[in-house]
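Visitor: Below are the chains, spelled out letter by letter.
Number of protein chains: 2
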Amino acid sequence: MSSEEKYEVTYFPHGRRDFFPTGTTAMAAAEKLGVDISTVCGGKGTCGKCKVRIDEGYETLGPIKPGETKHLTKDMIEQHYRLACLIKVKNAPLKIYVPDISRVGKQRLQTEGLEVPVTPKPMVRKYFVKLPVPTLHDMRADEERILDALGDQYGLDRNRLRIDYDEIVKKYLPIKLREANWEVTAVVWGDKVMAVEAGNTSDRCYGFACDIGSTKLAGFLMDLNHGKVVAVGSRMNPQIPMGEDVLSRISFTLFGGEEAQDKLQKAVVGGINEIIDECCEKAGVKTDEIYEMTYVGNVAMQMFFLKYWPKHVAYSPYPPVVRRGVYVPTTRLGLKGHPHSNAYYLPVFGGFVGADQLACIMATQMLERDEITMDLDIGTNTEIAVGNKDLVTCDSCASGPAFEGMEIKYGIRASTGAIEKVTIDPSSLELHYRTIEDAPAVGICGSALIDIPAELLKSGLIDNKGKFVEKMTKETNRLRKSKEGMWEYVIAWSQESATGIDIPITQGDLRELQKAKAAMHTGAELMLKYRGLTEKDLDKFWLAGAFGNYIDPENARTIGMYPELPTEKYVFVGNAAGTGARMALISTEMREYAEEISRKVVYYELAVAKEFQDEYAKSNYIPHQDFNKYPLTKDLLYRLGRIDEKNKWIYPE
Amino acid sequence: MSSEEKYEVTYFPHGRRDFFPTGTTAMAAAEKLGVDISTVCGGKGTCGKCKVRIDEGYETLGPIKPGETKHLTKDMIEQHYRLACLIKVKNAPLKIYVPDISRVGKQRLQTEGLEVPVTPKPMVRKYFVKLPVPTLHDMRADEERILDALGDQYGLDRNRLRIDYDEIVKKYLPIKLREANWEVTAVVWGDKVMAVEAGNTSDRCYGFACDIGSTKLAGFLMDLNHGKVVAVGSRMNPQIPMGEDVLSRISFTLFGGEEAQDKLQKAVVGGINEIIDECCEKAGVKTDEIYEMTYVGNVAMQMFFLKYWPKHVAYSPYPPVVRRGVYVPTTRLGLKGHPHSNAYYLPVFGGFVGADQLACIMATQMLERDEITMDLDIGTNTEIAVGNKDLVTCDSCASGPAFEGMEIKYGIRASTGAIEKVTIDPSSLELHYRTIEDAPAVGICGSALIDIPAELLKSGLIDNKGKFVEKMTKETNRLRKSKEGMWEYVIAWSQESATGIDIPITQGDLRELQKAKAAMHTGAELMLKYRGLTEKDLDKFWLAGAFGNYIDPENARTIGMYPELPTEKYVFVGNAAGTGARMALISTEMREYAEEISRKVVYYELAVAKEFQDEYAKSNYIPHQDFNKYPLTKDLLYRLGRIDEKNKWIYPE
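For the protein sequence lines, the chains are A and B, in the order given. Start counting the first sequence at 0; every next residue gets the next number (numbering that gives the first Met the number 0). Start counting the second sequence at 0; every next residue gets the next number (numbering that gives the first Met the number 0).
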């Protein structure tokens with residue numbers, strides 16, 4: 000009985016396991032175990048998304064199949080990588096490791112990011128106290144009665160504590176105390192009792208952390224008692240109409256003055272307030288129960304959010320106004336939340352490198368490590384840091400919002416119907432795509448915008464200058480000239496799309512994507528050079544950013560978005576900026592650490608370096624003008640017949 | 000030659016001395032030396048104001064003259080007191096001590112008070128810094144640049160410092176810095192840079208201290224660099240129309256709610272702002288140059304000023320809302336001054352005993368002494384404290400505003416034309432009065448309102464129940480029945496007055512004054528009793544209050560305003576509340592001391608004591624129902640023929 004011939008398949012790092020008969024594909028086993036493995040083609044062996052590493056039982060699987068060679072690099076094959084849809088259990092148990100790159104994110108919006116264990120030690124704590132009723136023998140002041148109880152019952156330092164002035168005055172503390180029969184909950188923020196609530200509300204203590212991206216806002220409602228996320232939400236940054244990138248928004252304020260500053264500030268706060276409302280709605284929390292907030296974002300975002308005059312950060316030598324973490328009452332900024340709550344904006348570095356990059360460094364603990372690691376926080380403004388415990392340096396580059404779907408003809412945000420994965424079989428040119436929630440295609444979102452140039456390149460549909468290879472029209476009707484005379488390649492046909500029209504990627508789109516990836520690569524390349532390092536010195540390469548775990552790191556590498564490293568050195572940290580904001584929200588120690596990071600990390604302004612334009616020009620090639628910088632990609636393209644032995648592009652005849 | 004027969008006359012504590020011929024009166028010598036000695040009668044020996052103690056040369060002066068026996072008590076005579084206008088240099092040098100009670104105050108408004116030496120250690124300091132200009136090698140943030148300079152050049156803790164958020168945002172710090180060519184003055188308040196000013200403004204650093212009395216506001220503009228008063232001002236408390244005493248003002252809020260609270264708050268702040276303007280005008284200071292303020296006042300004043308809900312302090316067990324010192328931004332209260340300045344309201348005790356009494360205890364250092372001392376802070380609400388380093392207890396009593404001229408028919412505040420001193424010769428019934436600036440009489444102010452009942456009593460014009468002795472109409476035409484049928488005694492005749500009408504004191508006025516002094520005495524008496532003390536245990540008796548040094552302590556004692564002690568035990572501390580406010584303004588150490596006092600001093604609510612009504616009834620007599628409690632006054636009245644050996648009042652036949 001084959002039913003008795005079952006062999007254990009164990010998946011790591013999940014630790015899930017069960018017995019499966021010979022002939023079961025690894026993909027099918029994974030599905031039964033609830034292990035997420037990415038796939039676009041539906042198990043046909045063509046998309047190459049389901050790469051897994053076989054740690055035990057590799058010898059039972061038989062030789063690499065032709066479908067696999069197209070997707071696995073030489074180093075991967077050496078490391079026993081296979082495609083899960085093409086391998087089967089065969090008379091032996093298997094131990095299979097699913098790398099980050101093959102996992103399916105659970106949230107469409109990468110708002111969770113890296114989870115770094117942090118012991119909750121929030122700035123805000125709630126304390127329920129039963130107070131003695133005043134008598135002629137105990138005539139203590141109302142405030143004193145509360146502070147003494149906090150000292151007696153919870154060991155707080157009663158001499159340093161004060162009750163918020165407005166809580167006493169505007170909320171009529173004396174009346175509230177008596178109506179509550181002297182049983183109240185004190186909400187303590189640092190040395191301040193920021194609120195006094197009737198009865199015992201100590202189990203309801205929330206905070207809000209937010210990553211203000213130039214293009215996207217990501218918010219996290221957290222239970223501060225337990226340090227857990229209870230709801231997430233995101234929005235496009237409503238400042239976009241006032242300028243797609245930070246420089247155009249700064250120009251907007253330079254021409255518009257205070258009124259323009261107001262407009263930018265109110266716009267972003269409006270978006271944040273929508274997220275707050277949404278999160279509160281989802282989690283059944285009142286906005287008044289949000290007692291503290293933390294914010295991260297680049298320096299321009301800091302300036303717009305806090306209304307600092309942004310002019311000088313746009314001109315050499317680019318000094319910010321404030322480097323340190325800043326506490327501002329939320330009401331002063333127009334934010335929802337408890338009226339006496341405060342917003343903490345994490346420290347920034349210099350130029351445009353802000354609290355978001357600091358948060359990445361905090362989350363990846365770069366500054367604690369012996370080994371040298373590098374991080375790339377991908378966004379409209381991309382930040383780069385490199386170093387170890389001795390020195391971390393950082394830089395930023397204006398990469399533009401192309402990868403966030405802006406300035407791309409059919410670019411959209413990651414929402415229902417967005418094309419999020421695209422694969423093209425290099426031989427058959429068969430195209431597969433996946434949309435969010437499998438809905439009819441509406442447009443193309445960030446992760447697919449990385450896949451497309453990579454897949455086009457591997458399939459020979461574009462050359463390494465990013466230009467469509469016109470002769471390939473013979474091979475596929477997807478490649479065509481638009482009515483406007485521009486070359487384009489259709490990803491989704493009108494009959495599949497929700498809009499009823501074709502959804503192509505255009506030559507212009509490719510140009511935008513090239514510019515964006517070139518800027519990122521240049522920033523990373525120069526930072527390494529500046530430090531006297533090469534990619535070989537890097538132990539890990541942290542990939543952070545708004546689209547986080549959804550991007551395909553190999554495709555991103557293939558197009559030359561960042562230096563080439565062996566696959567296992569790339570670590571996705573998703574929205575690490577959001578992670579850092581959450582760490583700081585739940586732990587005051589993390590805020591001190593953040594201040595320390597902002598003092599220690601050295602900012603370099605590399606955009607002014609002479610080498611920048613040179614390197615940028617070379618980086619506009621895909622992956623790079625110099626193939627030797629991308630040996631793995633070169634090997635792949637060579638095996639696919641795209642380049643010859645002299646790295647020369649082979650055009651079809 | 001008599002010109003050669005000169006003898007040295009030395010005045011203490013002034014230390015002024017010169018040689019005078021035999022025959023020169025001590026008063027004339029004092030005038031030549033610029034030593035202030037009080038006189039009302041102009042040197043006729045009838046007013047008795049010029050009491051001095053002869054420390055050397057007493058034996059050369061001859062026997063006590065009849066004019067002197069009327070004014071000097073037995074103990075004073077034993078201590079070699081004489082009247083300066085009646086004694087002359089006679090072939091020997093004299094050393095003469097002028098006690099507090101015989102000195103002429105220099106300010107009409109007792110806004111200076113006790114000067115306790117305090118080393119200036121203000122919360123606000125100014126630091127001029129020249130900042131390095133940003134370069135690509137020095138890209139520090141604008142804030143950082145300033146804080147680093149404060150650290151480097153002045154040793155401030157740069158890691159704890161922050162620049163006020165509004166100073167950065169609303170005042171456009173980045174623009175200001177560049178316009179000032181990077182030379183600025185940082186105004187540091189605690190750990191906060193509250194302002195950054197262009198250029199070097201470090202020599203202009205001011206603060207404002209204010210005593211908020213129920214009836215009177217006294218303000219002091221101070222140079223914080225040197226701890227000196229640069230201007231003083233005062234106003235009636237504009238809250239008076241909303242209630243003359245604290246309880247009626249509290250009732251006003253109970254009926255009127257928040258609107259009434261607003262009205263009270265705006266009224267007092269309006270008055271304070273007028274004083275601020277006046278002081279700034281006098282001293283040539285801009286209101287923006289006032290960087291900090293301190294406030295004292297009783298608990299009701301604290302509540303109205305800060306808008307605490309005042310209801311519960313009016314009902315047993317009378318708990319205040321906040322005991323501790325409170326910092327509130329001045330803009331939050333509507334005060335003039337630098338927009339980022341703060342107001343510090345000193346700590347209070349309980350019931351109505353507030354920061355004004357605390358300030359007295361601070362100024363008199365009661366809590367530092369081995370000996371037991373008592374203080375009486377005379378005002379609409381009178382506070383009493385007694386004790387030494389082991390324990391100080393305090394209490395308050397609602398004495399009403401009679402001594403501040405309120406509810407007195409011709410009562411006015413101490414201003415030009417106010418009758419401030421009154422004497423009546425006990426034999427001739429000749430009356431003398433002195434007005435402020437010797438202007439024609441307008442009305443009667445506080446100090447004279449103490450003189451009048453004392454002088455009337457000594458002259459037999461009223462009895463010890465405070466009733467006019469009608470038969471005395473035979474002796475003086477000043478005593479008469481008014482048209483309304485009420486007895487009154489004319490102080491100034493119409494031809495002398497600025498108003499063209501007679502200025503009398505009425506039987507009703509006397510009743511008000513009796514009630515006020517009885518309340519004060521009862522408070523002091525019960526506090527002593529409560530502590531198991533008698534007046535004999537007191538080493539010093541501090542007299543503080545709005546009219547401060549201008550009251551005649553002996554007359555006040557004669558009418559029984561406070562326990563009877565030998566004259567030298569009374570020490571005037573003037574507006575000690577204002578002194579305390581100033582001490583706290585110029586020294587953060589004094590604020591810590593204030594907090595310590597407020598924790599250590601024990602408040603007793605004695606108004607609810609059973610004995611209160613009993614003692615109050617007895618204290619309504621002048622000086623008291625029990626003459627044995629006032630042996631010195633008894634002796635005086637006996638010698639003047641007002642009472643017999645059995646302490647029975649002798650009415651004229």
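Please note that the accuracy of each hint is not assured.
Intra- or inter-copy, both count: the list cannot distinguish identical chains.
Said to hold, decoys possible - Below, simulated EDC-like cross-link-like pairs (lysine to aspartate or glutamate); rule was C-alpha separation at most 16 Å, straight line: (1) Lys306 with Asp163; (2) Lys568 with Glu610; (3) Lys539 with Glu563; (4) Lys265 with Glu406.
Just so you know, the hints here were simulated from the structure itself, not pulled from any lab data.
Visitor: Which of the listed hints are broken here?
Guide: 2 and 4
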